[in-house]
Amino acid sequence: MAASSARDRLTVIRRHLTPHPRDSDLQGHGGQAEGAAGGGGGVQNKGIQWQTASVTTPPPHPHTTIPRKRQDLLKWNGWGYQDSKFLVHKEKDKDYYVSFTGSRYKIGNLVLPHFASWVKETLGVKFDDCTPPKPPPQPQDYPATIINQEFLDEMKSLGIEMSIEGEDRLFRAHGHTLAEVFVLREGMFPRIPDVVVWPGNHSEVVKVVAVAGKHNVALIPFGGGTSVSGALLCPEEESRPIVSLDTSQMCRILWVDEKNLTARIEAGIIGQDLEKQLQARGYTAGHEPDSYEFSSLGGWVATRASGMKKNVYGNIEDLVVQVRAVTPRGTIDRYTAGPRLSAGPDTQNFIMGSEGTMGVVTEVTLKVRPVPSVRRYGSVVFPDFSSGLACMRQVAFHRCQPASIRLMDNQQFKFGHALKPPTGLMGLLSDGIKKIYLTRIRGFDLNTMCVATLLFEGSEQDVAQQERRINTLALEVGGIPAGEANGERGYMLTFVIAYIRDLGFDYGIVAESFETSVPWDRVATLCHNVKHRVHSQCQERGIKHRFVTCRVTQTYDAGACVYFYFAFNYRGLSDPVHVYEEIESNARNEILGCGGSISHHHGVGKVRRQWMSQTISETSLGALRAVKQYFDPDNIFACGNLI
Amino acid sequence: MEGAVSHTALSEPSGQGKPTCQYIDLLAERRLSSDLRWAIREWKSVGDYKYGNHLTRKEIFDHVLQSDRVQHTISQLVEGGKDQEVLINEVQEILEQMGHTQDISVIRQFAFVLPKIMKRIYGKVMINEEGIEKLRSTLVETPVVLLPTHRSYADFLLVSYIAYHFNLPLPVIAAGMDFMSMAVIGDKLRGSGAFYIRRSFMDNTLYWAVFQEYVQTIVECTGAPLEFFLEGTRSRSGKSLPPKIGLLGCVSECWLRGRLPDLAIVPISISYERTLEEKLYAYELLGVPKPKESTSGLLKATSILKENYGDIYITVGDAVSVREFLEPRVDRHLNVATPSHLAPLSRTELNACESLGYHMLRKIQQGVVTSVWNVMCIHLQRVLSTGQWSLPFDTLVQETVWLIDLLKRIGAVISVEGGVKESVERCLEIHREVARLGEDGRVHIQCLHNHSLAATNGKKMSLKGKSLINAVTEQVLQHYINKVIHLLIRPGLLSLALKSLELTSQHTTTLEKLKSRFEFLRSLYGYDFIFEKNAEGRDFMEGLSVMTWCGEVSVVQDHVHLVQGGGRFMKTLLNVLSPFVLAYFCTARTLASQEWVDNGELVAASQLAVEKCLTPGSGQYSALSLDSIRHALRALARMGAATRTTGEDGKVRLKPVVQLVSSIVEVLGHLIHSQPLKHKL
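Those sequence lines, one after another, are chains A and B.
Residue numbering for the first sequence follows full-length UniProt numbering, starting at 1 and increasing by one per position.
Residue numbering for the second sequence follows full-length UniProt numbering, starting at 1 and increasing by one per position.
Isolated chain A, as found in the complex (with noise of 0.2 Å):
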């Protein structure tokens, strides 16, 4: 490549020409490959700046797995690859049975033998009546551009690669909630982005946001697509050009630091990408959300993610040391890398978890760890939910967590149980005898049990005694060790559930997740206060079939983060989008009525901002008001999210 033997060339002479680096641009911030490195971004470089100062050289563009025209590999309406998605099928003179296309999944290329009747019995779902979605739409079908030339030429003469085709700025135009997935399926947004910019750097960035404000053009970074909160959606009243800012080739890994064990990466790189690459060098971030398959550093960053493996890892503020970031009035950077700070609040924090609404992330130190040497799966089954809720409590009260502990509600554990492949002879008779000792002989019920999955990860002798630790208190109320199998199996539904939500739709059905943190005293009234508010409010509008489930997804010193499924059959309602979202409003209220929070890590976009004035006060919000106002007094990143 033509690019990367430039780039060789100039840091052999930056070698030559650099004297013996100084010790504090040794723990540099990261800034090193500012303006020399970067893909097409030379021409216009100020030149060679003397402030070599990195250990390491800064690397090549690594390959991306997802590609710039995402839609190549990606579905442009729903959720994930394009190979990976379930199916229906009928054979001639044989019920309907369902399975799961792709091998990217373990469940990939089987047919799911007891999911067809768990939909029907628990959703209603008439096999036979299935609404396909729209086909892509025609280059007349996207909404109108507003263009503004001279950001255009401006563009060009900087060699920021940028498209206006539709296909590019449609799939910008959204993230994935219920409403976006619908509207892709069944219409078009009334506003999409006018063009889409592809910065490859940090100084990039900094030139496209510049010019940005000098056109009066409004920004929308985006990431890995992946938001539920609606943040990614255009103002409707945005009458100025709307420019979506893609992070996605910003996403290389600038340096590890092996001795502090920080690396410095830029912020579009996605999740996978991330891990593949520092497990190559023997090291992991240990940050899962359960869409970082797609998403991206930055993305976690601006929406304060939390990570599957939050207990071993932690959040994703724990994880960061430096953020930097652009905004209209300049760069956010914090150059010490030290491990604490005591230098009034964390400015940092502004951006972390600021939702697109000050600035772009550009850059980030992350810690790293070793790759551990085991990691194992574990399972334990409870009585009910209320003894799987005391077992959490006292896990967290003797802060012995392993990197995940998670619980399901009977419902999920069914859910579950129907989204199991077709056993063997063996296992359908150990699966029989499993259910006899539960039931029979250990008095369960089926209609109550829940189930906890348990991943471990760390040296062989630290798993064991996590395990030993668990089962321990597991068995103090009632639990029973259910096994590695059904641990695996429940840690990938994560990642497949997604791939459900599309299958749905075909069918009459949507469905949809939601999320809250809350103080340990009130998790178990809050799970049933919501589930039954969900119910009440679907029986009001004469919803006859639905599926509500929660699970305990996280806990802490002080309380847990409790997710919601929540899916019904609209067949029959004219406005199924508009009744979801009255429902789920009225789940928030009762969210926070029992003393739950706006959002644990999906964030507040547009479909949560009502609520901010409830959670923060009006004044803490008048502070990011301002806030807003000195680091874009013009509106720039006109996203509208948050505040």
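These are calculated hints, taken from the structure and not from any lab test.
Don't take every hint at face value.
Claimed, not checked - Listing some non-contacts, in silico: residues in chain B with all C-beta distances to chain A over 12 Å:
1. Ala39
2. Ile304
3. Asp558
To be verified - FRET-style restraints, in silico, Cβ to Cβ:
4. B:Gln66 - A:Leu73: 23 to 33 Å
5. A:Phe397 - B:Ser346: 25 to 35 Å
6. A:Ala558 - B:Asn89: 33 to 43 Å
7. B:Asp178 - A:Arg399: 48 to 58 Å
8. A:Arg399 - B:Thr645: 58 to 68 Å
9. A:Arg375 - B:Gly80: 53 to 63 Å
10. A:His63 - B:Pro339: 50 to 60 Å
11. B:Glu79 - A:Arg375: 50 to 60 Å
12. B:Gln66 - A:Phe397: 16 to 26 Å
13. B:Ser346 - A:Arg399: 27 to 37 Å
14. A:Leu475 - B:Asn351: 41 to 51 Å
15. A:Leu475 - B:Thr338: 29 to 39 Å
16. A:Ala144 - B:Glu519: 35 to 45 Å
17. A:Ser373 - B:Thr338: 42 to 52 Å
Note that the Cβ used here is the ideal one computed from N, Cα and C, for glycine as well.
Starting from the known structure of chain A, arrange chain B on it as the hints suggest.
This is chain B only, laid out in the frame that chain A set:
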């Protein structure tokens, strides 16, 4: 309307398009089969709360004792120097005294005895079966609070008996401590699910904590239906009393603090055709204190068993969701971050609960089934107020027919069996002690005053014996009028407002002026009558629309015009409200006359002032009701017409705010001067 033996269809106001309710007679079957077999039949409740747990008395006690609230209160008191052991014992004692048991064998005893008594003294016990089935399905979904009206001791076990009859989960009943001391009965009531609470304990923090926790444990953990009387005590006057929000707030807290997804409150309206305590109440309202509840007192009342008390109508109303009612009125998120036991209800939350109380009372009123007798009493009292003790039967029937027709149009549910004439005859038979049909074809009103009954109490009455001759009878009549007065109060206040604005057929007034006068009166009478909070506009419109389609007033653009100086209906309304006008007028004037040391004296003086205005044939003696006088004082204080200060001697003094009281006296004076009472003032 034709009434079948066991099914009576009561027509509801035709305009509202509601289906007619089917009432069935609980006693019909009992009259045909063995009470014993009925009491020992296989019994299992159907409709238990799906998330309820059965807790024993001991388990409830432990739950209460271990609760954060009680433990916290104990530790606070220990810090204040009390002994922990002693406090724990005190909690145990409170619980022993309070705690209910629910023993099906005790219920069976009542199931045996109650039908026997009821069959003897009542004709039919009618209940809307549809309401029962709705209640059953509500009970499964959510914890339920049952709010029956409280007009008589007979209310006490009626709801439990209904539950037994229909195999509903048996209610746990909040009862006043005075019942507990009744020999045998006290324990029997406890065994059938009653728990006892002291009358006043707001300053006893430990008792308060135990009480709250006890009630909430029942609601939250057991999911058993909780029954209590929103009015706190039996309403002697027959009107709804302002709600007591202690218990209501306590149960609402379960939702307010996010511990329950919802609570359903079910209004139960019990309408007695004849109240067991009618005479006792009359004396009590006139100033004879109520005797202490005792079993021997109850036995003395066995003379009751020889009499006929007519029918009972019970309406189980539609459940009101606490969540739906309170959610728009409170901000739960403000208090959820504090541990529940450390977050007492805020001012806003208490206000919302009070609104809920008023809302429920209105729902209860809407379920009342009116007897023909209630309507008759309006005419009987009017006749008596002109000094006559009899009137022609036919006149009474005509007047009753007219008013029944009108009441139905404004939403009354009236039980008429056969024709109105037959019903009037029947009522005169049931209430023969008050009014009976003579052979001369006239209806004779009876003097109910009995010197021996008044004297038994030993305490000297302030009223003159002469007054009592009219007053006791009128008070009894008023009791029955009061049972329909909620239907008349809105057009009634509108009539008063019109009258007080001196509106004659030549003049008109603006809507705005009328509304402001209406709101003033509504506020003044806010304790005597039940008005929902923040519903001034709605009440005004309701009153105005009734008056409009009765042809009493016409509204042209923004002006209200009184048709021919007020018609028959308006005169009736003014007449019905005249005792309240007189009582309030005299009370306000008495208040204005000097500074008062304490309410008791002022109440007596006000009653005396009322008495001075009355002579037989010129006014209504039910104005002597202490109930109204007390309500008037409360209202005047609330409106700022008097200031309350505690003097150095620790006595509470009531000082009139002269200007305001005078203006109130003036408005009421206008109303009295337009009535035949004026010459006495």
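Status of each hint after checking the structure:
The beta carbon of Ala39 of chain B is kept farther than 12 Å from every beta carbon of chain A, the shortest such distance being approximately 36 Å. At the 12 Å boundary, the C-beta of Ile304 of chain B stays outside the reach of chain A, the nearest C-beta of that chain being 46 Å off. Non-interface call for Asp558 of chain B relative to chain A: holds, since the shortest CB-CB distance, roughly 39 Å, exceeds 12 Å. A hinted range of 23 to 33 Å is violated for the C-beta pair Gln66 of chain B and Leu73 of chain A, which are about 59 Å apart.
Phe397 of chain A and Ser346 of chain B have their C-beta atoms about 32 Å apart, which keeps the hinted 25 to 35 Å range intact. For the pair Ala558 of chain A and Asn89 of chain B, the beta carbons lie near 36 Å from each other, so the given range of 33 to 43 Å is met. A hinted range of 48 to 58 Å holds for the C-beta pair Asp178 of chain B and Arg399 of chain A, which are about 55 Å apart. For the pair Arg399 of chain A and Thr645 of chain B, the beta carbons lie near 59 Å from each other, so the given range of 58 to 68 Å is met.
One distance hint, 53 to 63 Å for the beta-carbon pair Arg375 of chain A and Gly80 of chain B, holds here, with the actual separation near 57 Å. Between His63 of chain A and Pro339 of chain B the C-beta distance comes to about 54 Å, which sits within the given range of 50 to 60 Å. At about 52 Å, the CB distance of Glu79 of chain B to Arg375 of chain A agrees with the hint of 50 to 60 Å. Judged by the Cβ atoms, the range 16 to 26 Å given for Gln66 of chain B and Phe397 of chain A holds: they are separated by roughly 19 Å.
In this structure the hint that Ser346 of chain B and Arg399 of chain A lie 27 to 37 Å apart at CB holds, the actual value being about 36 Å. Distance hint for Leu475 of chain A and Asn351 of chain B: a CB-CB separation of about 50 Å, consistent with the stated range 41 to 51 Å. About 35 Å separates the C-beta atoms of Leu475 of chain A and Thr338 of chain B, a value consistent with the hinted range of 29 to 39 Å. Between Ala144 of chain A and Glu519 of chain B the CB atoms are about 57 Å apart, so this pair departs from the stated range of 35 to 45 Å.
Distance hint check: the CB atoms of Ser373 of chain A and Thr338 of chain B are about 46 Å apart, consistent with the given range 42 to 52 Å.
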